[in-house]
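Asks: In case you want the letters, here they are:
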Amino acid sequence: MNILSLFVLIPVLTIIGIVFTKDLKQSRIVSAVGMGLQLLMAGLLVYLYLAERGAGNTAAMLFKYDVVWFPTLNIHYSVGVDGISVAMIALTAIVVFAGIFASWMVDYLPREFFISLILLASGVFGFFISLDLFTMFLFYELAVIPMYLLIGIWGSGPKEYSAMKLTLMLMAGSALLLVGLLGIYFNSAAGGGQLSWDIQQIAKIHIPIEMQRFLFPFTFIGFGILGALFPFHTWSPDGHASAPTAVSMLHAGVLMKLGGYGAFRVAIYLLPEAAHEQAWIFLILTSISVVYGAFGAIWQKDLKYINAYSSVSHCGLVLFAVLMMNQTAMNGAVIQMISHGLMTALFFALIGMIYGRTHTRMINEMGGLMKVMPFLGVAWVIAGLASLGLPGFSGFVAEMTIFVGAFQHTDVFHRVITILAVSSIVITAVYILRVVGSLLFGPIKDDHFLKLGDANWYERLSTISLIVSIAAIGLAPLWLSNMIGQSLIPMVQKITGITVAGLF
Amino acid sequence: MTGVIPLHAFLVISTLMFFIGIYGFLTRRNLITMLMSIELILNSVNINFVAFNRYLYPQNLSGHFFSLIVIAVAAAEAAVAIAIIINIYRNFKSIDVDKVDVMRF
Amino acid sequence: MTDYAYTILIPLVPLAVFVFTGLTGHKMKPIVSGLIGTAGLSFAAILSYYTAITYFWTGHTAGTGYVSIKAFEVNWLHLTDLLTIKLGSLIDPISVMMLVVITTVSLMVHIYSLGYMKGERGFHRFFSFLSLFSFSMLGLVLATNIFQMYIFWELVGVSSFLLIGFYYEKPSAVAASKKAFIVTRFADLGFLIGILMLSFNTHTFDFQTLTSPTGPAIAQAGGAAFMGMSVLTWSMIFIFMGGAGKSAMFPLHIWLPDAMEGPTPVSALIHAATMVVAGVYLVARLFPVYALGAPDALTLVAWVGGISSLFAAVIACTQTDIKRVLAYSTMSQIGYMMLALGVSGYGGENGLGFMASNFHLFTHAMFKALLFLGAGAVIHAVHSNDMSGMGNLRKYLPITHITFLIACITIAGIPPLSGFFSKDEILVAAFHHNKVLFFIEYAVAGLTAFYMFRLYYSIFWGKQTHYHHTPHEAPYVMTIPLIVLAFGAIFAGFLPFHNLVTSDGIPFETTTEWSIAIPSVLIALLGIGIATFMYRRVTAVPDKVAGAISHLYKWSYHKFYIDEVYLFVTKKIIFNFISRPLAWFDRHVVDGTMNGIAGIIQVSSVSIKGLQSGRVQQYAFVFVTGTIALVLIFAYLW
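Residue numbers (my numbering), protein chains in the order written: chain S, 18 to 521; chain W, -7 to 97; chain U, -4 to 633.
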């Protein structure tokens, strides 16, 4: 049994297990065990990966496994990982694990909730391990669909509207993406021969530049919608605001990363010439995302909206860095994906916990919570500081890698637009501190807040596991950065078309 | 073979039956009448099958077989349709096709 | 050459203390966490003194003077082939001097806080934050490269944020901490852009490489120009922006007076002696680049320093909150230091300003920490910050009174106390460089003497005030730091700085230029005299004077309305003209487009859904007519 297939198999087995449970208690234990196992597997995978690399295995993808499942169209179930996917898998495992504990008390249809949640997770895991475009797309769709149910059934506020909006916009993205992927497939056999969905196969051949020009916008925007590319980001605030806690965590933490990951693994990697030609358009859009998301967050009053706009800003930075198309910036993009995934999951988890106590998410109705719930307060401050890029947390590492990398670009336009993106650090500070100030500090606005308790053990577990990951990356970023950087070398070589001097 | 009924006579009859059936199906609101109209249509087809077989390909029997199949299908259809109609009657106290509108916008 | 690798422990010990007391502090007795913090800092202080003694005694070699030593370095983050962020410790005269300053003041503040913060809620939190700050600040001064400095720069910013907002239930403290963080963050944006530009052109972060007179940075001096100045100059200006923000230079000073919302020991440590001089340290650290590669940027530094010092001194004359007077005084004194750097040249005697700046930084740390701690003792005794409600405290607080007086005399620049020597060197350096700045500084010297003695008389002399409970002298744990710092303030001036801390490490000779010193002392005495006349006893003179110059008084009292300008720009312009329209734009235009697309689809589907009526017979009719039509078409038209 291939170790990677286990990442899809374990969630499926967990789902089967949940089917046989009777109530909330049983189903959450089964989920926690399953996802705990998944987390262990992810840790093991990181270890095995590093060991394999340490032993001198320089293949682009490790732990490969390939079996044809639809020969007519040459569709394979083909899996394999490099440093980037390993990092993303680890991120997903942590966020899903924390998400299970954040939804420890889900009261309505718990079995169905956990099943949908884990189905979503298995789609994400499948996406990250796939090397076959079709299988990848399949898993991508598998991740998007349960979202509709999760928001529509367990959400709050205008949940049907949000669920519909989110699903429709993402489906529109999928439609664009499918055009792009089919286009790539039908151009995947240069000068005859069998067509292929295999990313590495396609990367070896050269898709005609005219086709690339046509396909790149489809592919990039298709993934970009999921990565909250301006102006296709509006599903994000509404969707996040309506989604239940764990779903917001998973969605902002992991699902949005599918967009960024796909954007460079597929769009830029397979269509590099067109990417170079059209990068400036998307760079302008993404830098608008970065600044615009941050400004958008200043004005909002609902905690979830604030965080959703902040996600737009941070994910915009991911796509921005990807488009810079150099080793350092792309490395930063991957770190930013991981860092943002952890931070935003932490934020949404905390929002859920605070909302569960105060029953409001409006910052002007809250105040002085630090005194009542010190643990959550401190966790919030940490999340906030991490989000505004304080050294010692992952956000700083990611942002600095991106900024330095982007600024090393030889083109003046790229450097100027980098300065624009850099300016977001101030705006981020403004909205983060505004929230921290009015939520946690100051006098207590409502007397019944005084009776509220601090976090329970499962909430602490969820929070601490995320904080530890954030701090670990922030304090010792070198191994992660090297692991990603090493895997980026062949991709960057293909993208830039020149041989970059090895980093190691 | 003098005095034999010419082919067009059968065709005229079947065409008449067919259009009477269509007319009945389009205008009647009673489900039973509509069902009967459908039977008319089917039988007009049967007549055509048999007539063409007899006049054009007497050595073959395909037309007869087809009309037998059609009769079988019509029987099955009538059974199902009447079952549905009975259920509709139980629910709506009517077999008027316009009254069955719960699935309509 | 001595091995200085152990210096990395100097910041790491406070870090360990921070982590330990931060995680477990709430479980132990408050005093225990305080003592752990103090012990950690004592350890760091002893190591610093040891480093200083070793370095200043043995680091010196005949030809080259004091060399800079990279004692320790690890790779922290690999960015590009050429750029790697490293963490380590760099030992050279200014970093060693800063180590001594920081650990001394921090240790004094730790000890003092044991008494001052006694019984406060969050005692252990206070001490763990103090340790965090000490760690960050020590890491900052030991930085081997500009990016490490930026990292710790941000960390001191956040420790300052946490400590200003220590009383987090007080809205004004929260607002002040927010303001401090955001204003300095804005300045840090400039710093970061400067770093990016500098590293893009020089491909290094390393201080030793950057500041080497033959290094890649200074070689850029004649490089590509943008708007009349070289790219190097622009990047140095941006970097200085970061320094100006942290050091509260005009016009980025607005956070400093508000930062006085924090506990007084914090003001003494962070907002008087250490963090706010980080900007000076930054310019001093990159001094060769400024002096040799970007003289235009250095001129800017001088003018910003000069204007800030005058501006702050004028405001300090009218404020009534003790700590705000001291805050403006700090800003003014830092302006002095910036000015001294700005008028300095590189190497030998030309580097007089550089030496003077660091000298003043050193003496200022002593006497300003003393002033703040003294003010803290006063506040501790009368539970108020407002000096109009005080008076005649000298009888109740004898030790505080004496030490405060010493500090006032020192800052006024009366020989032979330390302030005189350092200020004199600055004046000499300014005199040789720019006469306008020189006369500005004369004026500031007079104003400084005036407002400090106004403060002194209003607190310790003046009217007989009745207090709710009789003020009593602070406990020993608070007065001992006062006495120690008072000794520092008196004797620090005798240190041979020109032999120790110079722009190129090579000692040079200085003499007191009496032609400059005597007028400055006379001006200071004049300021003291006026203050004595006006405030020693309760008279109507201050009001009359204020009336005579009412416009100036009003402007000064309202801090020249700079705060209001900022508020206008942020609240009115950014919120109402950027953020709010943007939110509207997002809701209505971007989201409106998406909803509009959905709406169009909905409308069109409503309009065609009539076709799917659900009437079977209608379907059949369409079907039949359609078939007939097709038959006709195929039969006749084909």
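Incorrect hints may appear among the rest.
Derived contacts from chain U toward chain S, CB cut-off under 10 Å, selection only [what the hints assert, rightly or not]:
#, residue
1, 42
2, 194
3, 579
4, 581
Computed from the model, here is a short list of chain U residues facing chain W with C-beta under 10 Å [claimed, not checked]:
#, residue
5, 489
6, 490
7, 612
No farther apart than 16 Å at their CA atoms in a straight line, the calculated lysine to aspartate or glutamate pairs in the EDC-like style are these [said to hold, decoys possible]:
#, chain 1, residue 1, chain 2, residue 2
8, U, 65, U, -2
9, S, 462, U, -2
10, S, 388, U, -2
Think of the hints as simulated: they come from the structure by calculation, not from any bench. The model shown is predicted, which means the values in this text are computed figures rather than measured ones. For glycine and all other residues, C-beta sits at the position ideal for the given N, C-alpha and C.
Asks: Check the hint pairing residue 462(S) with residue -2(U) against an upper bound of 16 Å on the C-alpha distance.
Replies: 57 Å, violated
Asks: Does the nearest C-beta of chain S fall within a distance shorter than 10 Å of the C-beta of residue 194(U)?
Replies: Check passed: Cβ of residue 194(U) comes within 7 Å of chain S, closer than 10 Å.
Asks: Between the alpha carbons of residue 65(U) and residue -2(U), is the straight-line distance 16 Å or under?
Replies: Measuring from Cα to Cα gives roughly 10 Å; hence the hint holds.
Asks: Do the alpha carbons of residue 388(S) and residue -2(U) lie within 16 Å of each other, as the hint requires?
Replies: Status violated; Cα separation ~48 Å.
Asks: Verify the interface restraint on residue 579(U): the C-beta must sit less than 10 Å from at least one C-beta of chain S.
Replies: 9 Å, holds
Asks: Does residue 612(U) meet its interface restraint, that is, does its C-beta lie within less than 10 Å of any C-beta in chain W?
Replies: Result: holds, 5 Å to nearest chain W Cβ.
Asks: Checking hints one by one. Is residue 490(U) an interface residue toward chain W, by the C-beta closer than 10 Å rule?
Replies: 93 Å, violated
Asks: Is the interface hint satisfied for residue 42(U)? The criterion is a beta-carbon contact with chain S at less than 10 Å.
Replies: 23 Å, violated
Asks: Could you check if residue 581(U) really has its C-beta closer than 10 Å to a C-beta on chain S?
Replies: 6 Å, holds
Asks: Less than 10 Å between beta-carbons is the criterion; does residue 489(U) satisfy it with respect to chain W?
Replies: Hint violated; residue 489(U) Cβ to chain W Cβ min 97 Å, cut 10 Å.
In this structure, the hints that do not hold are numbers 1, 5, 6, 9 and 10, in rising order.
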